[in-house]
Amino acid sequence: MKIAVLSGKGGTGKTLVSVNLASVAKEAVYIDCDVEEPNGHLFFKPEDIESKDISVRIPFADVDRCNGCRKCVDFCKFNALAYISNKLIVFDEVCHSCGGCTLFCPEKALSEKEKIIGKVQKGVSGNVTIITGILNIGEVSGVPIIKTILNSINEDKEFTFIDCPPGSACTVMESIKDADYCIMVAEPTLFGVHNLNMVYKLVSLFDKPHGVVLNKCLEGENPAEKFCIEKGIKVLGKIPFESELGILNSDALIAARENEKYRDMFFSLLQIVTKEVQHETIINP
Amino acid sequence: MKQLLILSGKGGTGKTTIASAFIKLSDAKAYADCDVDAPNLHLVMHQPSEPEMTDYYGLPKAEINPDSCVKCDLCRQNCRFDAINAGAEYKVDYYACEGCGVCEAVCPAGAVFLKPAVAGELMLHAGDKVFSTAELTMGSGTSGKLVAEVKKQMKAAAQDIDLAIIDGSPGIGCPVIASLSGADMVLIVAEPSISGISDMERIIKTAEKFQTKVAVCINKYDTNIENTEKIRSFCQKYELPFAGVIPFDPDAIKAINNAQSIIDIDCAAGRAAKEVFNTTIKILNA
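These protein sequence lines map, in sequence, to chains V and P. Take 1 as the starting number for the first sequence in our numbering and just add one per residue. Take 1001 as the starting number for the second sequence in our numbering and just add one per residue.
It should be emphasised that the hints constitute simulated quantities derived from the structure, not laboratory data. Since this is a predicted model, take the numbers as computed values, not measurements. Hints are supplied without guarantee of correctness; some may be wrong.
Said to hold, decoys possible - If you want a taste of the chain V side facing chain P, the calculated C-beta under 10 Å gives, among others: (1) Lys9; (2) Val63; (3) Asn67; (4) Gly68; (5) Met173.
For every residue, glycine included, the Cβ atom is placed at its ideal position computed from N, Cα and C.
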């Protein structure tokens, strides 16, 4: 089963939840789709790393063939081409690799070349296979990296955890697209609730079965929990706000591997999540 | 107008908490929230009046008219975004479509057309102080362009102003790069964790790539003193101006949950934020 972990707001504990759930599973694949700021590998410290470059196709012009008709410039909806001082210029960073310019050039002056935008690393840490997408600095979109990773999972493991980027835009949509279930991690703040509401709308729009893990829980009223009750969203579990857990996590240690108490906590959470996903597959195959 | 942009790389380090404190401390006449897919600044910056709302149109989306479609499959074969599904009727996956127009151009039957699509909502409070913000429509992808619009409407409404404070988004991709354009300085809000340090290094490299001046402050510095020291020495090593530290403070969470800024109440985080603010302004004007 593929389980996506998302949050809207950053820093609510997506990586904490996905890394620890993967660690307590018998065997699991952990995929870091937060390609702009991947952190899961810092916790797992994977070994036997295989690395593969990810590239996109961008156009380049054969200057001898280009007659300056500007058909490509007019066609490009992303304004990635300009014809200035008798020369065709390509703005790589805004090109969406749609291929239109190359397809429609009447002089066949355009062809495509590969441009590396990042990489995917695969490694192992105990029971977990770790796949990390990494966007190169200065590149605009990590979507092609996420697409490549999710289209090429051939691991036959019971659990696949997809650690999503923050927010609710294109990279998040791509990350949850094929997920069987979405875990939303929320923190008990006004900001947390507002962003939880946004991803709640997103998972509802994509018709994904979902539940919430409440992180950083303190005594007293929890605005995120209140939101879940009002909306009838299943609360899968609560993670307490504890400095012990905070320190382990800030030192990039996997709490479930370091401390029995946290191992038990994440193991129970995994059981609850498993039951939920199975339940969803029965009623909604 | 000088633009101070608050970024962090990692999410949840305290960008909005610090941005709202800085806006109040500087009595900024212009400010904006560029985190369009998870905006929060408006929750702590109460506005005296309703905003002026404008629909934001991203790129159009393709649609196929089933009556004229001849099922030649050319649109599906040429779509790089896997946005066309064949079946009894050819259909466009609205969320996968990026609006490039290739399908429309290859269709021999004129069955494909591009339709304008609302991708977000821009909001502008333009009174004595200008506040520009937006919210991306769920299922829309073009957050970078919306960020550019947020900044554009702020600048248009606030011309003769010394300082604008801009709350950014996490990450290093399109919305962040769009927010960097025109910024005079970036204040990075770092967090003393191994993840936070890794993310901070990536956002600093991104800002440098776009030749924007950088300063660093550390929020919740006392949650891991060892990592705080690592950040300080990183800044020393690369000669990055250091703007100070803010402690973890449960009162700060209380303030935010009451829809207040940390400088609206007397608390340790608020006092520290004042010092960080003064240092940041000195660095900005240096």
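Here's how the hints hold up against the structure:
1. Lys9: holds, 6 Å
2. Val63: violated, 24 Å
3. Asn67: Because about 20 Å separates Asn67 (chain V) from the closest Cβ in chain P, which is outside the 10 Å limit, the hint is violated.
4. Gly68: violated, 20 Å
5. Met173: Holds - the Cβ of Met173 (chain V) comes within 10 Å of chain P, reaching about 6 Å at its closest.
Against the hints set out earlier in the document, violations occur for numbers 2, 3, 4.
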